[in-house]
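**Q** Sequence:
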Amino acid sequence: MRLDISYDGRDFAGWARQRGLRTVQGELEQVLSTIIRSPLEITCAGRTDAGVHARGQVAHLDVGIEEWDPYFDAHRINRALPGDIRVWAVQRAPEGFDARFSALWRRYTYRVSDDPSGPDPLLRHVSMPWFRRLDLDAMNEAALGLIGEHDYTAFCKQRERATSIREIEVLRWEREPDGTAVLTIQADAFCRSMVRSIVGVFLPVGDGRKPASWPAEILSGRSRTPYAAVMPAYPLVLEAVGYPPDDELEARQRVTRAMRHQQTSADEA
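Sequential numbering of the sequence shown, starting at 9, is according to my numbering.
These are computed hints drawn from the structure, not numbers from a lab.
Remember, predicted model here, so these are calculated numbers, not experimental data.
Ranges between beta-carbon positions, derived for each pair:
1. 47 to 140: 42 to 52 angstroms
2. 149 to 70: 44 to 54 angstroms
3. 145 to 125: 20 to 30 angstroms
4. 254 to 18: 33 to 43 angstroms
5. 125 to 216: 13 to 23 angstroms
6. 130 to 166: 36 to 46 angstroms
All C-beta atoms, glycine included, are put in the ideal place defined by N, C-alpha and C.
Could you build the full structure based on these sequences and the hints that come with them?
**A** Put into structure tokens, the structure is as follows:
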């Protein structure tokens, strides 16, 4: 089954189930297991960190065909869920679908208010204040140096036996009608804290303290650096996840699994 999910991440310790902590996966599994009266496990497209929100999270779970019809209804699920999680759609997934490994890309946004008065009080939970005016043209010039396939170690919290090679497809700053600066970033995958660290090197460029070439210089160092400051989690939103046509899902899953295996093997070597 495929589930399309949104959540307000403020009161969650991230997506992944953790003993003694409130998580999105934990809440969903508890509710769904109660509905079908059987334990289950949910796999998502992108495991968000503590405090990160989602508008377009995608997940899958396996259930027996006899459990499907009367139980997996979005309305019934939402009545049992807390108000900071919504399941917008539940449907039988096509053959070969895997929420994580079939995905082609993930898209995030990050909002920054550079208004001297700070963000709108009603939006303060999703917009970070930055009390210096930002030059988005300079930030978009800097973005050109990070687009493409690179080793993003400089912007990632490393995990043992994990690769930091990713491909960024979209990286741009725009202003919303209210003046808020919004970063849109889309990549095949992300490593831990990658987006928030990238934001951290853009802001000094935008306020004039660093040249547009600086983010690319940080990237080329290929080592974790304190200059890539990790920005707060609360303005970060998982907006959407993209998948290939149904008849290409299984092939995409095989390619992704093989790629991850090869990259992990290379890290071990």
